[in-house]
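Trainee: First to last, the sequence lines map onto chains A and B.
Residue numbering for the first sequence follows the UniProt record's numbering, beginning at 1 and increasing consecutively.
Residue numbering for the second sequence follows the UniProt record's numbering, beginning at 1 and increasing consecutively.
Just so you know, the hints here were simulated from the structure itself, not pulled from any lab data.
Glycine residues also receive a C-beta, built at the ideal position from the N, C-alpha and C atoms.
You may find that some hints are simply not true.
Covered by chain B, according to a simulated footprint, are these stretches of chain A (three or more residues, beta-carbon under 8 Å) [stated by the list, open to error]:
no., segment
1, 62–76
2, 237–243
3, 486–494
4, 911–918
Straight-line alpha carbon distances no greater than 20 Å define the calculated SDA-like cross-link-like pairs of lysine to any residue that follow [what the hints assert, rightly or not]:
no., chain 1, residue 1, chain 2, residue 2
5, B, 54, A, 266
6, B, 52, A, 266
7, B, 54, A, 11
8, B, 54, A, 38
As a plain string of letters, each chain reads:
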Amino acid sequence: MSVSLASLSALGVGYLLLLFLCALAVERGWLPTRLVRHPAVYTLALGVYASAWAVYGSIEQASRSGFGYLAYYLGAAGAFLLAPVLLVPIQRMTRTYQLASLADLFAFRFRSRWVGTLITLVSLLAVLPLLALQVQTMGNAIHLLSGAGSPEWLALGFCSLIALFAILFGARHSHLNARHDSLLAAIAFESVVKLGAMLALGAFALYGIFDGPADLQAWLDGPGHPAQAETAHLDPAQWRTLLLLFFAAAFLMPHMFHITFAETLSRRTLLQAGWALPLFLLLMALPVPLILWGAQRLGVDTADPAAAYLAFTLSSSWWVGALAFIAGLAAASGTMIIISLALSGMILNHLVLVAHPPIAQPDLYRWLRWLRRGLIAAVILGGWVFYRTVGVHHDLSTLGLASFIGMAQCLPGMLALLYWPGANRKGMVSGLTAGVLVWLAGLWVPLLSPFPPLVILPPGLEVLANEPDWYVVTLVSLAANILTFILVSLATRTSAGERAAAEACSVDAVIRPMRLPLVAANGEEIKHHLARALGEEVANREVDRALTALKLSPLDGRPYALRRLRDRIQANLSGLMGPSVAQDIVDRFLPYRQDGPDATEDIHFVESRLEAYRSRLTGLARELDGLRRYHRRTLTRLPVGLCAFGEDGELLMWNDALAELSGIEGESVIGAHRDTLPPPWNALLGQILAEPASHLYKQPVTLAKGLRYLSLHKAELHEDRHEPGGNVILVEDHSEMKWLEDELVHAARLASIGQLAAGVAHEIGNPITGISSLAQNLRYDTDDPALLETADQIQQLTDRVSRIVGSLVGFAHGGRHVAGTPFAPVSMAAVTDEALHLIRLARSGEDVHYENRCPPALEVLGDGQRLQQVMINLVGNARDASDPGGRVVIDAEPRAGWLLVSVTDEGHGIDERVRDHLFEPFTTTKPAGEGTGLGLPLVYSIVAEHGGQIEIESPPAEQATGTRIQLWLPLNQEDGESPDESDPDR
Amino acid sequence: MYVYRIMLFLVFGGYLLSPLLMSGWGSAGVAWYRPFVIWGVLIALTLWLEQKRKLDERR
Numbered sequence: 001m002s003v004s005l006a007s008l009s010a011l012g013v014g015y016l017l018l019l020f021l022c023a024l025a026v027e028r029g030w031l032p033t034r035l036v037r038h039p040a041v042y043t044l045a046l047g048v049y050a051s052a053w054a055v056y057g058s059i060e061q062a063s064r065s066g067f068g069y070l071a072y073y074l075g076a077a078g079a080f081l082l083a084p085v086l087l088v089p090i091q092r093m094t095r096t097y098q099l100a101s102l103a104d105l106f107a108f109r110f111r112s113r114w115v116g117t118l119i120t121l122v123s124l125l126a127v128l129p130l131l132a133l134q135v136q137t138m139g140n141a142i143h144l145l146s147g148a149g150s151p152e153w154l155a156l157g158f159c160s161l162i163a164l165f166a167i168l169f170g171a172r173h174s175h176l177n178a179r180h181d182s183l184l185a186a187i188a189f190e191s192v193v194k195l196g197a198m199l200a201l202g203a204f205a206l207y208g209i210f211d212g213p214a215d216l217q218a219w220l221d222g223p224g225h226p227a228q229a230e231t232a233h234l235d236p237a238q239w240r241t242l243l244l245l246f247f248a249a250a251f252l253m254p255h256m257f258h259i260t261f262a263e264t265l266s267r268r269t270l271l272q273a274g275w276a277l278p279l280f281l282l283l284m285a286l287p288v289p290l291i292l293w294g295a296q297r298l299g300v301d302t303a304d305p306a307a308a309y310l311a312f313t314l315s316s317s318w319w320v321g322a323l324a325f326i327a328g329l330a331a332a333s334g335t336m337i338i339i340s341l342a343l344s345g346m347i348l349n350h351l352v353l354v355a356h357p358p359i360a361q362p363d364l365y366r367w368l369r370w371l372r373r374g375l376i377a378a379v380i381l382g383g384w385v386f387y388r389t390v391g392v393h394h395d396l397s398t399l400g401l402a403s404f405i406g407m408a409q410c411l412p413g414m415l416a417l418l419y420w421p422g423a424n425r426k427g428m429v430s431g432l433t434a435g436v437l438v439w440l441a442g443l444w445v446p447l448l449s450p451f452p453p454l455v456i457l458p459p460g461l462e463v464l465a466n467e468p469d470w471y472v473v474t475l476v477s478l479a480a481n482i483l484t485f486i487l488v489s490l491a492t493r494t495s496a497g498e499r500a501a502a503e504a505c506s507v508d509a510v511i512r513p514m515r516l517p518l519v520a521a522n523g524e525e526i527k528h529h530l531a532r533a534l535g536e537e538v539a540n541r542e543v544d545r546a547l548t549a550l551k552l553s554p555l556d557g558r559p560y561a562l563r564r565l566r567d568r569i570q571a572n573l574s575g576l577m578g579p580s581v582a583q584d585i586v587d588r589f590l591p592y593r594q595d596g597p598d599a600t601e602d603i604h605f606v607e608s609r610l611e612a613y614r615s616r617l618t619g620l621a622r623e624l625d626g627l628r629r630y631h632r633r634t635l636t637r638l639p640v641g642l643c644a645f646g647e648d649g650e651l652l653m654w655n656d657a658l659a660e661l662s663g664i665e666g667e668s669v670i671g672a673h674r675d676t677l678p679p680p681w682n683a684l685l686g687q688i689l690a691e692p693a694s695h696l697y698k699q700p701v702t703l704a705k706g707l708r709y710l711s712l713h714k715a716e717l718h719e720d721r722h723e724p725g726g727n728v729i730l731v732e733d734h735s736e737m738k739w740l741e742d743e744l745v746h747a748a749r750l751a752s753i754g755q756l757a758a759g760v761a762h763e764i765g766n767p768i769t770g771i772s773s774l775a776q777n778l779r780y781d782t783d784d785p786a787l788l789e790t791a792d793q794i795q796q797l798t799d800r801v802s803r804i805v806g807s808l809v810g811f812a813h814g815g816r817h818v819a820g821t822p823f824a825p826v827s828m829a830a831v832t833d834e835a836l837h838l839i840r841l842a843r844s845g846e847d848v849h850y851e852n853r854c855p856p857a858l859e860v861l862g863d864g865q866r867l868q869q870v871m872i873n874l875v876g877n878a879r880d881a882s883d884p885g886g887r888v889v890i891d892a893e894p895r896a897g898w899l900l901v902s903v904t905d906e907g908h909g910i911d912e913r914v915r916d917h918l919f920e921p922f923t924t925t926k927p928a929g930e931g932t933g934l935g936l937p938l939v940y941s942i943v944a945e946h947g948g949q950i951e952i953e954s955p956p957a958e959q960a961t962g963t964r965i966q967l968w969l970p971l972n973q974e975d976g977e978s979p980d981e982s983d984p985d986r
Numbered sequence: 001m002y003v004y005r006i007m008l009f010l011v012f013g014g015y016l017l018s019p020l021l022m023s024g025w026g027s028a029g030v031a032w033y034r035p036f037v038i039w040g041v042l043i044a045l046t047l048w049l050e051q052k053r054k055l056d057e058r059r
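Based on the sequences and whatever the hints tell you, model everything.
Mentor: What follows is the structure, encoded as structure tokens:
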């Protein structure tokens, strides 16, 4: 099988152009977002793990060690099966602190820019052999297919296209951890292509060379058995070591770290990849032995060194070779693209920016973007140079293992980062240096030179002398790394900053930040401070970005909000230029105030984090968290207002009842200083905090609901100096009780006046009767017309006085209607006249005009005394609501067996807020002391006793102002008909 | 969260027992696809545990 170089070039370039087209289709929106953001795309993008090693190296491994080749797939599958306990915590950290690479993560955890630099250098050294492996497979595939003598130049052409792709679609954003949909889609496309090609090659071997699975099994049990039996099996210890290496590679290799954590994907998607990626790897691994056995069946020599490229020997048909070539090109290009992106970011943040901080750099974003593009090209070119100078002399296994073992040196640091808060920088750097030195001497330097590997076996491990170099170097380097790491960490001190970062990174801990005020007073001032470092435009953009993410206002001056804003800006800058530079800038330009009170823990923030991490808690921690939530809920839902302040006066809690009472949501004020709370709360709460007494009773406060009387009680929180201090304040609304007290006093006064009136009426009654009798006698004793007229007048006036006194006595008695007693016909006109008599006795409202339009003939069935009380209350209210000179009209008309009595005034009407509560006791719109709030409830109950109803119109339909109260009372009908119950007007 | 412990147990158990996988290569009478079937079962188990985890977290 031979393909011309031109055809091969066309095939390769055509494939890469297809890749460009795929990315372009996503970028231009030609593909639906639902498809582009589907979790399957992410899982397929994670398939970048299956590099050229998976296509060619695995076949080489299978020919050497049988199923030992599976270690590459099973190691990575194991890492993703452990996604919930391993990858999700890393993802949480990288997202929270905007860490885009392994170097960022280590620099953040161990609080040193030099740690980031060290990790970057180790990654660079480790990745070069892997890059060389990718280029080598391209070169060898070109050579095998076309017979070209110098395939490296065509490989360089492909590398250039790959670099161009990475620059165009991977370096669009200045922020390293922005999601690149087009890039992800292209890598997913590559995974589909390599998987499809591998499955096609496997199917060809199974059905084209063998006659299906049964024939293959028969061949394996028969003619093929000797060849399989000769295949060496990996020693179990070596197998486990390989598994460990590939386990580490699955999330430590820069390209895997980049796709898994830097592309901002959801936790759910990552968890889904926990089973989906192993499935992808299973399908990738399945064709490998089929290709090998197919080649053996065809009689191809499967011995080294060409074993990696057995797929090309399965058939003389050009398309089989093309499939093998495309599978390798897809695998190699995907890996090279993502490695170049990841490494360029690391080099930028931890080498370039550390050496040359971008303080006051004009057009920072553009400068960073172009720097990164240059680095991408340099990384890919570096891979090609390494291949040309070193890679050509080594097989795939040697190059690949050298790379994976190098990156595995970061595994102890990563595990300590997650699970050992006691680990410190000195320990990590010492351990990593020890491990890397063993690796360099044992595997990496020997790649460059003809000298044998230099591995010094510690005493007691001489038994390893005859084992493969990779195995010995892995064991010795990792042992040296781990032991040094632990011993140095235990023997040296950990700085406070490291301890805080360790808590932030630790799986079982929640970050416990301290509560310190910033020098800047709000978001606008932060922009101003930051502009000195980043320039005005970048500072504005970064602060606005952080404000938007946190949903904060630029003028929000709450210390809590400003601390969150500072953290978010630091995280965003970390995504832009790495955690070390970001921390430097933030520490320098957004400092904390040094003159403030001692720092205390930010309890509100800790609680919010606990809420977010709840699903990760287990065992006792989960039970305790359940208890915490219960107590929290108890305080939040307490039907009494409650707030808590820290020692520095910062508001820590504002419960639901207080939010309802004040009309201020807790989220908008928690974290604010008490002096900055909205009035009147700042003064009121400041007053109780300043008072030596623990209680303030019935403080008049004007709120949105009107005048309220609040009682406040405070208690100090701290029991000893180790506990967080501050105060808790209970706020009780005693307004109704206050009004009730006032009304009771008023009612008691009225009651005594009533008793007095009854007594006075009784005392007046006797002399009046005497006067009336004397006037009567006078009429009998004289015939003088003048005297007779005088006697008549005296009698009329005494009758009037008697009527008034009778009304007063009747009203003072005013008892309830006795149930079962039949109602008598009552004239509403007479009842109204009687009520008006009494109303007119009152001095107020003398200038209001009353008009009784009730027809005297209309009667209702009822209790005259009780109905009089109704009319007194209604007319009295109308009088109180009327302005001087106003008119109150009382009217009545029969309607279908009912008498509709209306009392209409032209006053100020009824307030909207009390309209729904008018018939509730103690509801009044009158000033305190003037109204009992009992009148209308009494009216309601009397009308209800009569089987009637009340309606209120305010203002009435034909008036601009005023109120009309309408009473439906049963009409007294001569023919004995009962009122119509189905009257639609009612 | 208890589901994660089962997952840990599965992965570390699998790690210790995994060398047995290799014995199938070149052994007469052993189905060539045996490692892949075991692997497939493990994936199915993980998928099932993932569903359980979702229910656990929803509670």
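Trainee: Hints first: check each against the structure and report whether it holds.
Mentor: Cross-check of the supplied hints:
1. Coverage of a stretch by a chain is defined here by at least three residues with a beta carbon nearer than 8 Å to that chain's beta carbons; for the segment 62–76 of chain A and chain B the count is 6, and the condition holds.
2. Interface restraint, the segment 237–243 of chain A with chain B: holds (3 residues with C-beta to C-beta distance below 8 Å; minimum three).
3. Judged by the Cβ-Cβ criterion of 8 Å, the segment 486–494 of chain A is not covered by chain B as claimed, because only 0 of its residues qualify and three are needed.
4. For the segment 911–918 of chain A, the stated coverage by chain B is not satisfied: 0 residues place a CB nearer than 8 Å to a CB of that chain, which falls below the threshold of 3.
5. Of the pairs offered as hints, the one joining residue 54 of chain B and residue 266 of chain A holds, with about 14 Å between alpha carbons and a cut-off of 20 Å not exceeded.
6. Taking the CA atoms of residue 52 of chain B and residue 266 of chain A, the gap is about 19 Å. The hint holds against a cut of 20 Å.
7. Distance restraint check for residue 54 of chain B and residue 11 of chain A: the Cα-Cα separation of roughly 45 Å exceeds the 20 Å cut-off, and the hinted pair is therefore not satisfied.
8. For the given pair, residue 54 of chain B sits about 19 Å from residue 38 of chain A by alpha-carbon distance, which is consistent with the 20 Å threshold.
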